[in-house]
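*Asks:* Take a look at the letters that make up each chain.
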Amino acid sequence: METTVQQFPPFRESPAPQPDHGHDDHGHGHEHHEPNFWQKYIFSTDHKVIGIQYGLMALSFMLFGFFLMLCMRWSIAHPMKAIPFIGGILHSIVGDAMASPVRDAAGIITGYAMTPELYNAFGAMHGTIMVFLGVVPLAFAAFGNYVVPLMIGAPDMCFPRVNMASFHAFFIGGVVMLVSFFIPGGAAQAGWTSYSPLASTIPTNGQAFWLIGMVFLITSSLLGAVNFIATIIQLRAPGMTWMRLPWFVWAQFVTAFILLLAFPPLEAASVLQLMDNTAHTSFFLPTGLAVGGVVGTASGGGSPLLWQHLFWFLGHPEVYVLILPAMGIVVEVIACNTRKPIWGYKSLVYSVLAVGFLSFIVWAHHMYMTGMGQKIATFFQATTMIISIPSVIILTCMFLTLWGGSIRINTPMLFALGFLPMFGIGGLTGLPLGLAAADLYLHDTYYIIAHFHYVVAPGTIFGLFAGVYFWFPKMTGRKMNEFWGRVHFWCSLVFMNLVFMPMFTQGAKGMLRRMSDGGVNYSAARVPGAIDTLPNSIMELNTWILAAAIGLGLAQIPFIINVFWSIKHGEKVGTNPWQATTVDWQTPTPPPHGNFAHEPHIVRGPYEYSVPGHPTDFTPQSETVAVAKTAHAHH
Amino acid sequence: MSESEHPVVFKDYLRRCLLVLLAVACMTAMMIATSFSTIGGASWTPKVALILAIAAVNAFVIAGFLMHLLSEKKLIYTVLGFTVFFFIGLAGLTIWAMHDFPVGTTTH
Amino acid sequence: MEIPYTVHKRADTGLYNAKLGIWLFLASEVMLFGGLFSAYVLLRVGAGEGTWPHGWLDVRLGTINTILLALSAITTLLAWAALKVKEFGKFKFYHACTMLLALSFLGIKSYEYYDKFHHYEIKLNNGTIADGHFVEQSKDFDLVKKTGTFTIHGHIVERHAELMDMRSDEAKKAVHEEHVIAAADIKHMENYSPRHNTFTAIYFTMSGLHALHILGGTLVIFYLWGPGSKMWKTDPERFTNRIEVSGLFWHFVDLVWVFLFPVLYLT
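Residue numbers (numbering that gives the first Met the number 0), protein chains in the order written: chain V, 0 to 634; chain X, 0 to 107; chain D, 0 to 266.
No incorrect hints appear here.
As a list, the in silico DSSO-like pairs of lysine-lysine whose alpha-carbon atoms are at most 30 Å apart:
no. : chain 1 : residue 1 : chain 2 : residue 2
1   : X       : 73        : V       : 345
2   : D       : 91        : D       : 108
3   : D       : 85        : D       : 8
4   : V       : 345       : D       : 8
5   : D       : 8         : X       : 73
6   : X       : 10        : D       : 229
7   : D       : 232       : X       : 10
Facing chain X, according to a computed beta carbon distance under 10 Å, are these residues of chain V, among others:
no. : residue
8   : 228
9   : 259
10  : 260
11  : 304
12  : 305
13  : 308
14  : 312
15  : 356
16  : 359
17  : 360
18  : 362
19  : 363
20  : 372
21  : 373
22  : 378
Using C-beta positions, here's what the derived DEER-type ranges look like:
no. : chain 1 : residue 1 : chain 2 : residue 2 : range
23  : D       : 136       : X       : 100       : 45 to 51 Å
24  : D       : 13        : V       : 286       : 50 to 56 Å
25  : X       : 103       : V       : 511       : 23 to 29 Å
26  : X       : 102       : V       : 434       : 18 to 24 Å
27  : D       : 136       : X       : 52        : 45 to 51 Å
28  : X       : 9         : D       : 109       : 31 to 37 Å
Don't read these hints as lab results, they were simulated from the structure. Note that CB positions come from ideal geometry on N, CA and C, so glycine has one too.
With the sequences and hints as input, model every part of the structure.
*Replies:* In structure tokens, the structure reads:
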């Protein structure tokens, strides 16, 4: 614990005299006492501590979500075979009903295999954890909290205590989700999309836990979103005009708006489904619903499609919540490491605004299979095609920035460069899915799994890794180890592609997702002579993907060790090791409570690299040269 | 609100509040009267439309005067404008989608 | 460390932080209730012929609650105006009124819920339906064993459709009296709880969520009125802002009711 303590900035003031403390009737007599562990790390209102809290928790959840996926990949490759090493542990947690014993010829239990129910639970929770407890908290909450106030020259977030409450709501939501694994019946099993009526008919309370957990997570995101928007609008340092904002801040700003306005309908839907599951209402249950051949007692009259609409009204914008912050990180890293201004700053700004706006009116392209009419399908196809334009502009600007730059290769830059083609593959393979005719065939196959994982895993997560390597020196004053960073990058890149590339083939051949046996029942081996079965070559890929997934897991070990080792033993660096221009690098390292010794005055745009005539190849946004003094009074 | 330009006079507020209260009470009475009237005969649609129209005016009075939305800053208008737009998108597109089925679909 | 614009306005936006914050929060609330109202519209438009009930809620109680909330909105505004003219006593008085009105609202709401939970629809074996409020049940009343009796105050109808429109002429003419029903005659009984039909489901959910907002708002106002009002002595401007911001939330909750009342009670 001693090592982690050191990475946090020491408090310079006690929490009591903070201006947001309205009801303090203590503390004035002893303003300089050291805050104890709880005040410092658990109930901290410092945006940097909260950012690190979010980051550590999100990374842990991502590791856990990855572990769930490994179990599932085992089941896909070797259905109903004992899971090595951890089968017994799983069995001791979920019992016979979910982890079935595997016996040898003599009837002796040799291990425990995953049941389809457990596979469904892990599948639902893998998606939920990765999206709501992993990537969003890391990309939006962790990086946003740590970096945004520093980048705009603010002393903290607008509402520090709301910020703390947001983290605590997130924490509770995560605990509720985790607890649901241990209840009888197990965790939610209706997929991360929780479609009704399935979600209301599976006999487990896991779904109710899922919904309650979601309400906490949504509340957390809403509080965070309000705080981010207010902070970016209100607390920009003098001179930090909108067009001088680093693009990362723009990306976070749009992300916050998406969370603010798209999440509440899902909160409404969660409340309605919670009523369905606990008070036995029929908001999403149609009249005459029969389960297992028995007509239920529910009153009926509800609409299953309503859930899908309310869910995807968040669900699709959520995709942009996942990708935009990562894009923001990549833009910062690329600008810094090409040593030239980002190409097309204004195009980037207008594109991200357009993406944010359009993301609200494309959601039903997830629902072409629901028997949608031609007119409404045409509308959503059109908006879906249109939103790809600003997305491509953003990617193009990143690529064009590379042109003619004196590129510095380091670990953050490698991950940022890896992001470009990986996100490109993910984005382009999405186009056929946006068109109803192609989607009807590809829907619910492994093609779609490959598509969105290319966007989120080697896309977003590579962007996030770039961010971790990039801002680690700001948080700790030390760089992460470069050699092991490169090992981490190259191994991750190779294994990511080995995992996801074959899935395109599987999906194109018609292998459906969500099958715990990997499609054995539809394979040529099982039903020889039938048409359109899955050939052996496709089925064998399951084994290869499992191997690649294990490799991908092993490739993260250097990263985990690197993070903890570098806190104490990394190369010591100054305040601006990357020689970057944005003001987050103009603070002491690590930044103290309150961030800036003096309020920074911003006098120029965010990417002034290699300005002719300037003594260095970077000109910080706040660097005051004599000419720029006049800008002080203006904000 | 712009208190620096218009210092608060308590009596004025009291009078304004009573007027708003009166307006809200009147509109509530109108809604109830409409509800129990015979407008539209057996069909509820005209009545529902009329009642919702009155409710909208009622909401406008409350938001405009009690929440001072009539003299609010541009930034607030922008935020609310986007919100209303997306709400209309949510409700409108969903309702459209629920009533547009492929040709030949039969529903009971 | 001092966070700027906690009290004074930022020049380019003309707002202090909390004012912007609350409006952003209210924007998300618009989408929350917007989602619910969308659900209401879809469920109602999609409901089969004659399955959407009319006149199930007591318009008199709804009207009283509407007026109570409108009054509380007024007192909230006056509480803020009182602080603006530096009359702390008046502030205390008006916000005390706000809380009383809010609690009365919740009291009436609770009575309405209680009433619905004690209202039973009992399908009898002879095909008729007994509908009315619970009076008493015999000690040995048991639906499975078919023993004992269940007494309601209400009426018995031939067709289920007669229960759907309580504003119809035949519903008005119906004579309500005590009926003692033997368990052996009961085919199915159910109270007017959320699961009863789509209308009760959406009624309980929407009004319940609204009531939770009332409760939350009351707690905040109570805090600012009681322990939180100490800030008036140390930082009166900031305290006045807090009252304004909490007032904006309160007005929004009133605004939701302005739509809930006609949608649930009048149509």
